[in-house]
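**Student:** Sequence:
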Amino acid sequence: MTEKTHGGKRSGAGRKKGSGLFGEDTKVIRIPESKVTLVKNWLRETAEIDKQRQIKNELQALAKNKAQVYLATDEQDPEANRLNLYSHKVVAGFPSPADDYIEDRLNLNDQLIPHKESTFLLRVQGDSMKKIGIFDGDLLVVDKSLKPSDGKIVIAALDGELTVKRLSIKSTGTWLVPENDNYPPIPVREESEVVIWGVVTATIHQFK
Numbered sequence: 001m002t003e004k005t006h007g008g009k010r011s012g013a014g015r016k017k018g019s020g021l022f023g024e025d026t027k028v029i030r031i032p033e034s035k036v037t038l039v040k041n042w043l044r045e046t047a048e049i050d051k052q053r054q055i056k057n058e059l060q061a062l063a064k065n066k067a068q069v070y071l072a073t074d075e076q077d078p079e080a081n082r083l084n085l086y087s088h089k090v091v092a093g094f095p096s097p098a099d100d101y102i103e104d105r106l107n108l109n110d111q112l113i114p115h116k117e118s119t120f121l122l123r124v125q126g127d128s129m130k131k132i133g134i135f136d137g138d139l140l141v142v143d144k145s146l147k148p149s150d151g152k153i154v155i156a157a158l159d160g161e162l163t164v165k166r167l168s169i170k171s172t173g174t175w176l177v178p179e180n181d182n183y184p185p186i187p188v189r190e191e192s193e194v195v196i197w198g199v200v201t202a203t204i205h206q207f208k
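full-length UniProt numbering numbers the first residue of the sequence shown as 1 and each following residue consecutively.
Hints may be right or wrong, so weigh each one.
[Said to hold, decoys possible] Here are the simulated DSSO-like pairs of lysine-lysine, each with C-alpha atoms no more than 30 Å apart in a straight line:
no.: 1; residue 1: 152; residue 2: 170
no.: 2; residue 1: 130; residue 2: 116
no.: 3; residue 1: 152; residue 2: 116
no.: 4; residue 1: 131; residue 2: 144
no.: 5; residue 1: 40; residue 2: 130
no.: 6; residue 1: 116; residue 2: 147
no.: 7; residue 1: 147; residue 2: 40
no.: 8; residue 1: 130; residue 2: 152
no.: 9; residue 1: 131; residue 2: 147
no.: 10; residue 1: 208; residue 2: 35
no.: 11; residue 1: 131; residue 2: 35
no.: 12; residue 1: 144; residue 2: 130
no.: 13; residue 1: 130; residue 2: 170
no.: 14; residue 1: 130; residue 2: 208
no.: 15; residue 1: 40; residue 2: 27
no.: 16; residue 1: 131; residue 2: 152
no.: 17; residue 1: 130; residue 2: 147
no.: 18; residue 1: 144; residue 2: 170
no.: 19; residue 1: 40; residue 2: 131
no.: 20; residue 1: 131; residue 2: 170
no.: 21; residue 1: 116; residue 2: 40
no.: 22; residue 1: 208; residue 2: 170
no.: 23; residue 1: 131; residue 2: 27
no.: 24; residue 1: 147; residue 2: 170
no.: 25; residue 1: 116; residue 2: 131
no.: 26; residue 1: 116; residue 2: 27
Worth flagging that the hints you see were computed from the coordinates, not collected in a lab.
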């Protein structure tokens, strides 16, 4: 008799528990074929709602404890927050004659926060992203409804701490990459407790 050299169950093979869409064990059930798509869509929507609710609760808890997270909310009087937008463009080279024609009135919330229900603000602490103009004390506009993809600036919860980094997704692995040569890239491994909270869409920097 020859000994098996392949086949059979491998240790550690297969999907890990809780690693699927719902973050928990699943069970096989029988449903009519005509209802498969309907049930799948409903389950995905339910999972997304639960995820958004969890993120919102975590953000509110963090805001309560550290006062560094701000949730985007509707204004009582949006018109009162609109500023004049002049039609004249600012020239970065040689100066040109100016005019005082008002082209429009803009609300900065409308420009920076298109998705108010899924947007929050974070105060930056540290200089790991200074090469792309994100400095200590800046405010970041973060949209958690956007899909984090390769090259995006993201907010990640890493071992219980929030960090802002560039997301790098390559065939060789995934990293959270700083924009400062004094800091090394952070590898994202399967055993790492990393959760992407949202994608940074804008930064607010005040000149001293």
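**Student:** State for each hint whether it applies.
**Tutor:** Now for the hints, and whether the structure bears them out:
Between residue 152 and residue 170, the direct Cα distance comes to roughly 13 Å. Compliance with the 30 Å bound is thereby established for this hinted pair. For a cut-off of 30 Å, the pair hint linking residue 130 to residue 116 stands: about 27 Å separates their Cα positions. Restraint check: the Cα-Cα separation between residue 152 and residue 116 comes to about 20 Å, which is no more than 30 Å; the hinted pair holds. Simply put, residue 131 and residue 144 have alpha-carbon atoms about 24 Å apart, close enough for the 30 Å limit, and the pair holds.
With a C-alpha separation of about 43 Å, the suggested pairing of residue 40 with residue 130 is violated against the 30 Å cut-off. A C-alpha spacing of about 16 Å is found between residue 116 and residue 147, which places the hinted pair at or below 30 Å, so the restraint holds. The hinted pair formed by residue 147 and residue 40 meets the criterion: a straight-line CA distance of about 20 Å does not exceed 30 Å. Our distance criterion of 30 Å between C-alpha atoms is met by residue 130 and residue 152, whose separation comes to about 15 Å.
The hinted pair formed by residue 131 and residue 147 meets the criterion: a straight-line CA distance of about 24 Å does not exceed 30 Å. Between residue 208 and residue 35 the CA atoms are separated by roughly 60 Å; this puts the pair beyond 30 Å, and the hint is violated. Between residue 131 and residue 35, the direct Cα distance comes to roughly 52 Å. Violation of the 30 Å bound is thereby established for this hinted pair. In summary, the hint linking residue 144 to residue 130 is supported, as the alpha carbons are separated by about 23 Å, within the 30 Å threshold.
Between residue 130 and residue 170 the alpha-carbon distance is near 23 Å, which keeps this suggested pair within the 30 Å criterion. Among the hinted pairs, residue 130 with residue 208 is consistent with the structure: their alpha-carbon atoms are about 16 Å apart, no more than 30 Å. Note on residue 40 and residue 27: the hinted pairing holds, with a Cα-Cα distance of about 14 Å set against a maximum of 30 Å. Proposed proximity of residue 131 and residue 152 is supported: the alpha carbons are some 15 Å apart, at most 30 Å.
The suggested pairing of residue 130 with residue 147 holds, with an alpha-carbon distance near 24 Å, which does not exceed 30 Å. Taking the CA atoms of residue 144 and residue 170, the gap is near 22 Å; set against the 30 Å cutoff, the hint holds. Annotation: proposed proximity of residue 40 to residue 131 is violated, straight-line Cα distance about 44 Å (limit 30 Å). Restraint check for residue 131 and residue 170: the C-alpha separation of about 22 Å stays at or below 30 Å, so the hint holds.
With a CA separation close to 28 Å, the supplied pair residue 116 and residue 40 stays within the 30 Å bound. This hinted pair does not check out: residue 208 and residue 170 have alpha carbons roughly 39 Å apart, beyond 30 Å. Proposed proximity of residue 131 and residue 27 is contradicted: the alpha carbons are some 48 Å apart, above 30 Å. The straight-line distance between the Cα atoms of residue 147 and residue 170 is roughly 16 Å, inside the 30 Å bound, and the hint therefore holds.
A hinted pair counts as satisfied when its Cα atoms are at most 30 Å apart, and residue 116 with residue 131 qualifies at roughly 28 Å. Taken as a hint, the residue 116 and residue 27 pair is broken in the structure, with Cα atoms around 36 Å apart against an allowance of 30 Å.
Comparing the model with each earlier hint shows violations of hints 5, 10, 11, 19, 22, 23, 26; every other hint is respected.
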